[in-house]
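Number of protein chains: 6
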Amino acid sequence: MRILVANVNTTASMTEAIAESARSAASPGTEIVGITPRFGADSCEGNFESYLAAIAVMDAITRYEEPYDAVIQAGYGEHGREGLQELLEVPVVDITEAAASTAMYLGHKYSVVTTLDRTVPLIEDRLKLAGLDARCASVRASGLGVLELESEPERAVEAIVAQAREAVERDHAEVICLGCGGMAELEEKVSAATGVPIVDGVRSAVTIAEGLVRMGLKTSKVRTYAPPRPKVVTGWPIPGSDGAR
Amino acid sequence: MRILVANVNTTASMTEAIAESARSAASPGTEIVGITPRFGADSCEGNFESYLAAIAVMDAITRYEEPYDAVIQAGYGEHGREGLQELLEVPVVDITEAAASTAMYLGHKYSVVTTLDRTVPLIEDRLKLAGLDARCASVRASGLGVLELESEPERAVEAIVAQAREAVERDHAEVICLGCGGMAELEEKVSAATGVPIVDGVRSAVTIAEGLVRMGLKTSKVRTYAPPRPKVVTGWPIPGSDGAR
Amino acid sequence: MRILVANVNTTASMTEAIAESARSAASPGTEIVGITPRFGADSCEGNFESYLAAIAVMDAITRYEEPYDAVIQAGYGEHGREGLQELLEVPVVDITEAAASTAMYLGHKYSVVTTLDRTVPLIEDRLKLAGLDARCASVRASGLGVLELESEPERAVEAIVAQAREAVERDHAEVICLGCGGMAELEEKVSAATGVPIVDGVRSAVTIAEGLVRMGLKTSKVRTYAPPRPKVVTGWPIPGSDGAR
Amino acid sequence: MRILVANVNTTASMTEAIAESARSAASPGTEIVGITPRFGADSCEGNFESYLAAIAVMDAITRYEEPYDAVIQAGYGEHGREGLQELLEVPVVDITEAAASTAMYLGHKYSVVTTLDRTVPLIEDRLKLAGLDARCASVRASGLGVLELESEPERAVEAIVAQAREAVERDHAEVICLGCGGMAELEEKVSAATGVPIVDGVRSAVTIAEGLVRMGLKTSKVRTYAPPRPKVVTGWPIPGSDGAR
Amino acid sequence: MRILVANVNTTASMTEAIAESARSAASPGTEIVGITPRFGADSCEGNFESYLAAIAVMDAITRYEEPYDAVIQAGYGEHGREGLQELLEVPVVDITEAAASTAMYLGHKYSVVTTLDRTVPLIEDRLKLAGLDARCASVRASGLGVLELESEPERAVEAIVAQAREAVERDHAEVICLGCGGMAELEEKVSAATGVPIVDGVRSAVTIAEGLVRMGLKTSKVRTYAPPRPKVVTGWPIPGSDGAR
Amino acid sequence: MRILVANVNTTASMTEAIAESARSAASPGTEIVGITPRFGADSCEGNFESYLAAIAVMDAITRYEEPYDAVIQAGYGEHGREGLQELLEVPVVDITEAAASTAMYLGHKYSVVTTLDRTVPLIEDRLKLAGLDARCASVRASGLGVLELESEPERAVEAIVAQAREAVERDHAEVICLGCGGMAELEEKVSAATGVPIVDGVRSAVTIAEGLVRMGLKTSKVRTYAPPRPKVVTGWPIPGSDGAR
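Residue numbers (numbering that gives the first Met the number 0), protein chains in the order written: chain L, 0 to 244; chain Z, 0 to 244; chain C, 0 to 244; chain F, 0 to 244; chain G, 0 to 244; chain B, 0 to 244.
Derived by calculation from the structure, the hints in this document are not laboratory data. The structure displayed is predicted, hence computed values, not measured ones. Virtual Cβ for every residue (Gly too), placed ideally from N, Cα, C. Errors might be hidden in some of the hints.
[Said to hold, decoys possible] Computed footprint of chain G on chain B, listed as stretches where at least three residues anywhere in the stretch have a Cβ under 8 Å from a Cβ of chain G:
1. 47–57
2. 75–82
3. 161–170
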């Protein structure tokens with residue numbers, strides 16, 4: 000089984016970190032392929048960048064020419080999953096939703112700890128649309144940007160642990176979701192510090208995608224995610240910014 | 000006062016129809032400028048096309064070089080309003096929301112009558128995110144595509160009137176929103192046939208945008224719609240499909 | 000175009016302040032007429048006074064003998080809008096709703112800062128019934144009575160700014176609605192102190208009412224707001240307390 | 000124990016019917032006093048009449064000079080309960096809420112069958128504000144006016160039974176609330192025809208009021224229902240329409 | 000009239016305290032019979048114990064051989080009410096729901112103060128299922144176990160008063176429900192200390208059950224609470240742990 | 000990895016069918032052990048039977064003496080998952096929730112098709128408590144009892160297909176969950192007849208449980224699912240009805 004894991008930003012090292020994290024949760028025999036968009040922001044921290052990522056991920060996935068069985072959209076709070084579902088038949092799993100649905104099997108309420116405060120409403124909105132917000136105790140921000148998580152790992156752990164503790168003590172969360180594609184490696188440290196299960200979206204998405212594939216389930220095509228109607232689409236695929244086109 | 004009205008598809012004749020409709024609701028002294036995206040689908044009827052439109056509208060608006068006071072996103076159920084709000088300081092009004100908030104001043108419950116069944120969930124989702132769904136009785140589809148509204152006006156009226164009647168009789172709607180940027184000219188006929196107020200999103204958006212400008216109100220920049228952080232963004236602006244870039 | 004702006008209390012100086020505020024948002028050519036009820040409390044700060052105001056405003060509006068195009072109910076959190084909608088064909092706009100629907104175009108969440116703590120539940124209830132509560136972060140009280148806003152303007156600004164800051168910092172509001180008909184003149188000061196857009200209900204209601212009139216929209220009469228059935232009504236109009244009857 | 004049961008309309012024969020119904024549910028030793036407003040409509044079927052009733056009931060109750068232990072507001076869907084709670088210390092029970100909270104002890108979902116279609120939104124709104132709507136399957140209208148229930152009892156039973164059956168079969172109601180102060184005597188017939196428990200609001204309110212009194216419970220005065228602040232109130236009490244004042 | 004009041008734990012002294020409390024709210028002529036389960040935990044503070052109590056109460060009630068008119072399930076937050084409703088025709092009243100529906104007649108919002116933090120989610124879940132959560136401001140824990148309430152009454156009052164005050168001041172509760180079957184005797188002290196009405200679930204349930212009986216209302220049998228279908232049930236009644244069977 | 004799959008009824012042939020279905024979704028190396036309760040009903044179709052099953056499953060699981068990695072509660076709409084989570088450290092997955100969370104990855108809305116109408120409210124309640132109801136279009140009943148599914152497979156397919164079609168056409172479901180532990184083998188036939196993905200709860204639960212185990216995630220023990228406190232529990236384990244005790 001081959002699963003494409005699409006990073007939403009253009010930072011290749013982050014794609015690799017995400018893919019590595021995905022591999023750590025994959026079954027034997029599952030191949031994980033990391034996909035980096037050809038265009039967009041080097042980190043996604045807002046609506047403009049998120050919408051650009053939505054298109055960039057669709058662009059990158061539809062350019063991928065080998066067969067595959069499922070796609071993971073590895074942006075926490077980012078847009079685009081519904082578009083991929085229209086374009087593809089294989090299952091598409093969004094990590095924001097994967098983390099939430101996984102956390103809900105482990106405790107009565109869960110919280111998300113993410114990067115910047117400005118991304119909190121995006122995550123809240125994605126959870127609301129997904130219908131996975133009823134047991135969300137809070138979405139909290141560590142105050143660190145996406146790239147700072149990589150460059151300052153110790154400060155990241157500290158800031159995330161602080162918010163995770165608040166989530167448990169004040170918001171009555173019993174499980175913490177790490178709200179960023181690049182936070183996976185922090186899992187163990189935050190769990191040790193808080194005593195609650197820590198859920199990583201990418202790893203969760205891998206197990207869910209594998210399950211869907213194993214059960215032979217595909218995206219429903221009867222209504223919302225029917226293939227786009229045949230029509231004139233100008234400027235798509237997006238002309239290459241990689242020089243090749 | 001100058002208001003940009005952004006069509007979400009690439010059909011220039013539809014931009015003109017939308018702009019004309021906008022003008023019919025504008026105050027004296029308000030200039031309406033219709034904007035057609037440089038790329039995207041010739042009609043938006045699904046998530047892929049909607050996400051592409053989100054980017055195409057941002058592209059088109061940020062390329063516009065004259066001063067303006069407000070922007071109207073004239074796609075019913077389409078994505079992108081939040082991205083524009085980040086990129087701009089002037090108010091941005093989405094027609095899906097404008098129709099709903101206007102309808103809520105006229106009756107206890109409202110319904111939306113839109114084009115294809117597959118676009119119903121997009122509209123429902125936008126209303127839910129906007130927090131304007133509590134008094135929405137139903138979103139109904141006429142079964143006609145966006146472009147058929149233009150090419151087959153008589154059939155369009157008939158199909159829309161049929162659904163509007165169902166909305167009033169079965170769903171207890173007291174007001175009908177016409178759920179498509181290109182439906183404005185049907186207003187009178189549907190109203191005559193159903194006896195309830197008919198709300199057009201574009202016209203509503205014009206009055207709301209004018210009001211915001213007149214009160215000197217702009218998008219809040221403290222959190223969700225703060226300007227994008229300075230960072231490396233590859234491939235933006237989207238390389239021209241018009242040959243000029 | 001003539002718009003009646005109905006104060007909900009019997010304090011004529013407040014009616015004048017409200018009308019002045021309304022005029023500051025009106026288009027050229029719009030005439031604003033302030034209406035003071037003939038009976039009721041000199042300030043509305045609770046349910047009994049609010050219900051009395053509902054009837055007093057209906058009494059005052061139905062006694063007005065000149066033609067007019069729209070009515071604004073200028074009580075924040077007060078009852079009565081639905082009754083006016085039954086009695087009239089022209090649009091009726093409640094300032095509690097006008098402020099909320101306007102704020103929702105400017106930020107992801109809004110808060111209301113009002114007068115006394117006891118009026119908070121009235122405002123919450125009006126927003127819930129109007130279906131405009133989903134994006135309301137909080138309704139906060141400054142602790143000052145309606146008439147103290149007029150008599151102690153400096154203390155008023157201070158108390159309101161303090162609550163507005165809490166709303167932004169703790170409740171994540173991105174826009175503040177000033178929750179009282181008599182707060183309009185504080186707009187500028189509170190905005191300067193908090194850095195977020197400040198929405199005034201009266202001014203918002205004027206722009207919305209003008210828009211509805213310009214679009215030719217009137218209250219739907221098919222169900223909830225159908226005219227009262229012909230029947231025996233005793234003691235209405237309310238016998239005059241002004242000595243004239 | 001003495002309980003005042005306030006009719007919301009001016010039809011004295013209906014007050015008597017309501018009081019009689021109340022007596023049939025009262026404990027030995029409970030005195031039921033029917034109260035007819037001095038002004039208002041001879042039947043309440045809309046917002047204007049309901050708001051007028053709110054004031055008329057407050058007027059009538061505050062004029063009552065003997066001691067009493069509780070008040071029942073016997074209008075189904077009518078306004079005013081919150082105002083009475085401010086003016087009084089003894090418990091106030093609204094029959095719309097009493098029927099709903101009683102029905103919820105008897106089945107998983109309940110429906111309300113009321114008079115005219117135009118009163119349905121009033122009842123829905125009262126249930127929503129009361130927080131008793133989550134298990135309401137539907138509010139259905141028989142199409143008969145309040146006074147027709149009295150004048151055409153056979154047709155009334157037929158129309159109400161028809162709607163009650165629909166509620167059970169289509170909306171999955173397991174209990175029916177009779178949604179009108181004057182429907183009490185139909186209880187037995189509708190129950191026999193549908194096989195589900197029929198709840199009458201007036202009778203339910205009596206048992207709830209008696210319970211509150213027996214437990215020594217009174218309306219909380221710390222916030223929403225604190226007594227009105229001392230202030231100038233013009234025209235209250237409402238000048239007499241009965242000639243005596 | 001005879002009402003069975005079922006304790007959910009095996010502590011007979013607590014059954015007696017509950018029955019005594021029930022008697023203090025009962026009408027003359029109502030006989031209260033306390034029922035102690037034959038098996039289960041000596042106090043219920045979690046899901047396992049609550050599920051066991053559900054069965055133990057059904058066991059105890061169905062073994063009771065005298066006639067009776069209603070049953071009260073006297074466990075705050077415990078499971079089982081729906082099962083009793085299937086097995087019996089007489090009304091079944093759960094004290095968690097009785098306290099909530101009673102509190103809602105006395106103030107705009109209510110809070111529950113219960114024993115251990117771990118039981119808070121059980122109570123929240125019961126209120127959500129009962130559709131009585133919309134006006135619940137908070138469920139707070141005193142941190143004392145069920146049996147400590149009995150053994151350390153002074154500490155109990157102190158801890159409960161502290162939480163009740165927080166509920167009023169921070170959560171804007173206007174009424175407090177004592178969230179435990181064994182808390183009834185604290186009513187007066189907590190009320191004196193907080194100035195808000197204190198609602199006891201057992202006493203409330205008695206008045207509600209009496210009212211249902213007086214109105215001749217029984218559990219609806221058309222759907223959710225129809226009697227169990229005839230089938231093979233092994234091990235029921237639960238074989239006696241009391242040696243006698 | 001070993002997963003216990005607990006049937007909720009005492010019908011051993013159904014346990015075997017469930018286990019077989021579970022095996023068909025399991026990864027290589029996963030051992031599925033079917034568990035049949037020692038007591039309870041031979042099919043669960045209501046609250047009494049469901050509560051009894053809750054205890055019977057806890058009894059059966061805690062008697063199982065070999066090591067295992069996860070537990071699946073294979074009753075659609077049945078109680079008990081929360082109790083197991085307290086008693087165990089390994090993950091516990093309820094099939095009602097597993098089907099719902101799986102369906103939500105495949106379409107915008109899902110419906111459940113279950114057995115008897117009387118079990119619909121149980122399923123609705125479980126989904127509401129699990130916070131997985133927001134995207135549930137409907138829960139529909141085929142009208143067939145649990146055991147009839149086994150004895151009359153052809154009639155079962157027909158009845159289920161009929162309801163699934165209604166769910167798709169009227170309720171706008173895009174995915175169907177088969178709402179019964181014993182429906183797994185119908186999957187293919189219903190899918191062929193309706194054209195939408197069919198989700199089986201048992202199979203879904205296996206993939207979710209495997210994923211949780213592979214990620215090393217266990218039930219959070221900080222609050223709701225902390226182990227029962229040490230206390231006197233009478234009559235537990237339930238004395239044997241199998242003659243051995």
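Okay, the hints, checked on the actual structure:
1. 47–57: holds (count 9)
2. 75–82: holds (count 4)
3. 161–170: This one is violated; 0 residues, fewer than the three required, reach chain G with a Cβ under 8 Å.
In the structure shown, a violation is registered for the earlier hint numbered 3 alone.
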